[in-house]
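Could you build the full structure based on these sequences and the hints that come with them?
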Amino acid sequence: MLTLGIESSCDETGVALYDSQRGLLADVLYSQVALHSEYGGVVPELASRDHLRKTLPLINECMHQADLPLAAIDGIAVTEGPGLIGALLVGSSIAHGLAHALKVPIIGVHHMEGHLLAPMLENNPPEFPFVALLVSGGHTMLVEVRAVGEYYLLGETLDDAAGEAFDKTAKLLGLGYPGGPALAKLATSGNSDRYKFPRPMTNRPGLDFSFSGLKTHTRTLWQKLATDNQQENAAIKADIAAGFEHAVAQTLLIKCRRALQQTNCPRLVIAGGVGANQYLRETLLAEADKQNWEIYYPRLAFCTDNGAMIAYAGNLRLLAGQTDNTGIRGLPRWPLEQLNPPGQQ
Amino acid sequence: MKLLAIDTSSAVLSVAACNGEKVAERLETTPRQHAEMIFELCDQVLAECGLSLTELDAITCGVGPGSFTSLRIGLGVAQGLAFGAGLPVISISSLLAVAQGAMPVTVNTALVCMDARMGEVYSAICQRDSNGRMQLHEEERVCAPVAVDFPAGEFIALGNGFTEYADSFSRHPEYLLSDCWPQASAVLELAKPQLAAGNTITPDLLLPKYVRNKVAHKSKAK
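Sequence lines, in order, name chains A and B. Per my numbering, the very first residue in the first sequence carries number 547; after that it's consecutive. Per my numbering, the very first residue in the second sequence carries number 791; after that it's consecutive.
Each hint should be verified, as a subset may be incorrect.
[Stated by the list, open to error] Covered stretches of chain B, as calculated for chain A (at least 3 residues, CB under 8 Å):
#, segment
1, 796-807
2, 859-867
3, 994-1003
[To be verified] Lysine-lysine pairs mimicking DSS-like chemistry, simulated, CA-CA at most 30 Å apart:
#, chain 1, residue 1, chain 2, residue 2
4, B, Lys-792, B, Lys-1004
5, A, Lys-649, B, Lys-792
6, B, Lys-999, B, Lys-982
7, A, Lys-742, A, Lys-770
8, B, Lys-1008, A, Lys-649
9, A, Lys-731, A, Lys-836
10, A, Lys-742, A, Lys-731
11, B, Lys-812, A, Lys-731
12, B, Lys-812, B, Lys-982
13, A, Lys-770, A, Lys-731
14, B, Lys-812, B, Lys-792
15, B, Lys-982, A, Lys-649
16, B, Lys-792, B, Lys-999
17, B, Lys-1008, A, Lys-770
18, A, Lys-742, A, Lys-649
[To be verified] Partial list, computed: chain A residues near chain B (C-beta under 8 Å):
#, residue
19, Leu-592
20, Ser-639
21, Gly-873
22, Leu-877
23, Pro-881
Think of the hints as simulated: they come from the structure by calculation, not from any bench. For glycine and all other residues, C-beta sits at the position ideal for the given N, C-alpha and C.
Shown next as structure tokens:
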């Protein structure tokens, strides 16, 4: 079964073609990062406008990449939520229009299920069950994945997502938007021990996260330390960046360790854009070695938002005979635990 | 000509089809039902005209100005339908469609003002051409009611902007029809000469005329 996947839940338009026999045949992405950088954050209205401009050209590109006609499509998968309502509705409208014209079934996909199943697109996929740490600009959560469609939320952030904390901290240090990667780069030249940073919510039980306090701590610290000397400031910033990154990574590590102990499951999957952070990877890999965990990182293109994961997750559900009769829809909120295994509506 | 027309720019979802002289039209006035009803209504008007999607010459859409989200649902659907069926598309101003649908033949000038929320109206002056079809006299604009320019001579004021902001215009229009909206049958009528002239576009270029473009402020701290 050839499934066209469309992702438009936030600031990336992703389109991909996944075939149940031949695997991923095409995968294209358009990122709006440059558009939103001028505004210091994602502007929902502008995101919606851009999705409407980009989706059809990307579908076209996908069909060319795979050298297949539209008529070869057997089903369509589209992100239905959670995400920005206006952005979701654009993807859903186009997908439903196309499905209606091609007379093929359509399925609304949960964005987070896409992320959770993204490692399955790799040559060496993890076995079920596994624990997934989803860390991105929009999400920070630990999920126990027992099987496709069987997800148990172990913990999530109560305020900022880890990636959001990275971006906001980078912004207050004058590193631009989205500055997470720039902050990580600066951190490599800093000393993480020079300043003390909290490890939020690690000294109490549970698997929830909170990063807004860490961000505030960083702001207060920077305001206290900033001098008129540019050279001195650069060194302070590097040390703050290193200390901040260290605190986030250690916090995530402590919660991952706790999650694997609690579920008695030795397999950890890291997904989401923050999963690309080198220091976090090293930290988790070192622990995995020590504790004998299996650890999986999907490649970066599958870590961040993409159409491939939506095509894959939708394909599994369409293959099981599941289709949508809800029409055009965008769900800003959609608890992961409301999902069922494929085939059970 | 075989056309399917959709307009989702107002609170009324309007869909129509034509097959030569035969025209079918459907309306849905329930708020927020556009997304649920649009395919059913498209199928109904096509069936009434004895057409299937692939037999169409083109799909035409009212492209606003109007409610952003609602417009994008209509245009997204039209993009998907046209792309999937390999059809060209024609974009038509929704304000022009208001004039085309509501104007009595005895008057040649219309001032259309639709409620744009936030204390503003989308406005356009439209004039009848020698073939009896309405044409935009100038680009549509968004502004406070008091800033709307009134046409010289006799005209009819059209649109809910005149009732939403009744006392905010620089003067009261002499003739007013406020209960009108962009009808898909009017979009069809306006699309016909465009199709005949070959003024079609590919579906990916079917985009809203937002008119209101200041939707975000750039951050000072870059």
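Outcome of the hint check:
no.: 1; hint: 796-807; in the structure: violated (count 0)
no.: 2; hint: 859-867; in the structure: holds (count 7)
no.: 3; hint: 994-1003; in the structure: holds (count 4)
no.: 4; hint: B:Lys-792 to B:Lys-1004; in the structure: violated, 38 Å
no.: 5; hint: A:Lys-649 to B:Lys-792; in the structure: holds, 20 Å
no.: 6; hint: B:Lys-999 to B:Lys-982; in the structure: holds, 20 Å
no.: 7; hint: A:Lys-742 to A:Lys-770; in the structure: holds, 14 Å
no.: 8; hint: B:Lys-1008 to A:Lys-649; in the structure: violated, 43 Å
no.: 9; hint: A:Lys-731 to A:Lys-836; in the structure: holds, 27 Å
no.: 10; hint: A:Lys-742 to A:Lys-731; in the structure: holds, 20 Å
no.: 11; hint: B:Lys-812 to A:Lys-731; in the structure: violated, 66 Å
no.: 12; hint: B:Lys-812 to B:Lys-982; in the structure: holds, 14 Å
no.: 13; hint: A:Lys-770 to A:Lys-731; in the structure: holds, 23 Å
no.: 14; hint: B:Lys-812 to B:Lys-792; in the structure: holds, 9 Å
no.: 15; hint: B:Lys-982 to A:Lys-649; in the structure: holds, 28 Å
no.: 16; hint: B:Lys-792 to B:Lys-999; in the structure: holds, 25 Å
no.: 17; hint: B:Lys-1008 to A:Lys-770; in the structure: holds, 28 Å
no.: 18; hint: A:Lys-742 to A:Lys-649; in the structure: violated, 60 Å
no.: 19; hint: Leu-592; in the structure: holds, 6 Å
no.: 20; hint: Ser-639; in the structure: holds, 3 Å
no.: 21; hint: Gly-873; in the structure: holds, 5 Å
no.: 22; hint: Leu-877; in the structure: violated, 12 Å
no.: 23; hint: Pro-881; in the structure: violated, 22 Å
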